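Engineer: Chains as they are written, first to last, in the numbering used here: chain A, 1 to 118; chain B, 1 to 115.
By construction, these hints were calculated from the structure, which means they are not laboratory data.
The structure displayed is predicted, hence computed values, not measured ones.
C-beta: ideal position from N, C-alpha, C; glycine also.
Fair warning: there could be bad hints in the mix.
[Claimed, not checked] Some chain A residues close to chain B (C-beta under 8 Å, calculated; not the full set):
{"#": "1", "residue": "Gly40"}
{"#": "2", "residue": "Leu43"}
{"#": "3", "residue": "Tyr64"}
{"#": "4", "residue": "Phe108"}
{"#": "5", "residue": "Gly110"}
[As the list claims (entries may be wrong)] Straight-line distance between alpha carbons at most 20 Å, and here's what the computed DMTMM-like set of lysine to aspartate or glutamate pairs gives:
{"#": "6", "chain 1": "B", "residue 1": "Lys42", "chain 2": "A", "residue 2": "Asp38"}
{"#": "7", "chain 1": "B", "residue 1": "Lys107", "chain 2": "B", "residue 2": "Glu9"}
{"#": "8", "chain 1": "B", "residue 1": "Lys107", "chain 2": "A", "residue 2": "Asp38"}
{"#": "9", "chain 1": "B", "residue 1": "Lys107", "chain 2": "B", "residue 2": "Glu45"}
{"#": "10", "chain 1": "B", "residue 1": "Lys42", "chain 2": "A", "residue 2": "Glu106"}
{"#": "11", "chain 1": "B", "residue 1": "Lys59", "chain 2": "A", "residue 2": "Asp38"}
{"#": "12", "chain 1": "A", "residue 1": "Lys70", "chain 2": "A", "residue 2": "Asp54"}
{"#": "13", "chain 1": "B", "residue 1": "Lys107", "chain 2": "A", "residue 2": "Glu106"}
{"#": "14", "chain 1": "B", "residue 1": "Lys59", "chain 2": "B", "residue 2": "Glu17"}
{"#": "15", "chain 1": "B", "residue 1": "Lys57", "chain 2": "A", "residue 2": "Glu106"}
{"#": "16", "chain 1": "B", "residue 1": "Lys63", "chain 2": "A", "residue 2": "Glu106"}
{"#": "17", "chain 1": "B", "residue 1": "Lys107", "chain 2": "A", "residue 2": "Glu59"}
Spelled out from the first residue to the last, the chains are:
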Amino acid sequence: DAGITQSPRHKVTETGTPVTLRCHQTENHRYMYWYRQDPGHGLRLIHYSYGVKDTDKGEVSDGYSVSRSKTEDFLLTLESATSSQTSVYFCAISSATPWTGGTDNEQFFGPGTRLTVL
Amino acid sequence: EDQVTQSPEALRLQEGESSSLNCSYTVSGLRGLFWYRQDPGKGPEFLFTLYSAGEEKEKERLKATLTKKESFLHITAPKPEDSATYLCAVQAPVYSGGGADGLTFGKGTHLIIQP
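Generate coordinates for the entire structure from the input sequences, incorporating the hints supplied.
Structural biologist: Structural data, given as structure tokens:
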């Protein structure tokens, strides 16, 4: 298994409270990603990072922010949680670099965090 | 907009009954097509990457193929432990913007293999 851990694994919170999810990797990979998975939608990209302090938005970034101060950690923050953010959140990593021919783009996923916003 | 459609949504087979799962996609300049397996309560597990039409990859009872418009995951003589949700995803060229390095997933095929 790729060395990816997510914390917490489960969290229940109330609407309007801030929430931070953590993704930690031991692979020293450049790229890290946050996805959410909801019934009927499949996995959707929230934000991704292509290096320390380098991040960009994905398909469903509204209401989320991210930070990456170290190669191994990628944080996802919900500044003011809403019920629509109830979901399962997955972190992924990739060994891809901007200089490869695109043959190492596989993404490996963590175990997920189940977040419930009441 | 990149789109990925998987069919069927669900499939129930008897042990040993071979079948295929379909993934059709629309993306400009495919960088890669990925197959994952996901068990309940767990993260997706990487299976295959396909990069160009005509490419095939195999792993145990699974074989993935790719054309210019779709990919198939063939399951030969499946066993109950092959029961899972199978996810297909595509990656767009890095220049398309909007999280181009991320993957666009289909909704998955829920496969049940009965003993």
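Engineer: List, from low to high, the hint numbers that the structure doesn't satisfy.
Structural biologist: 3, 11
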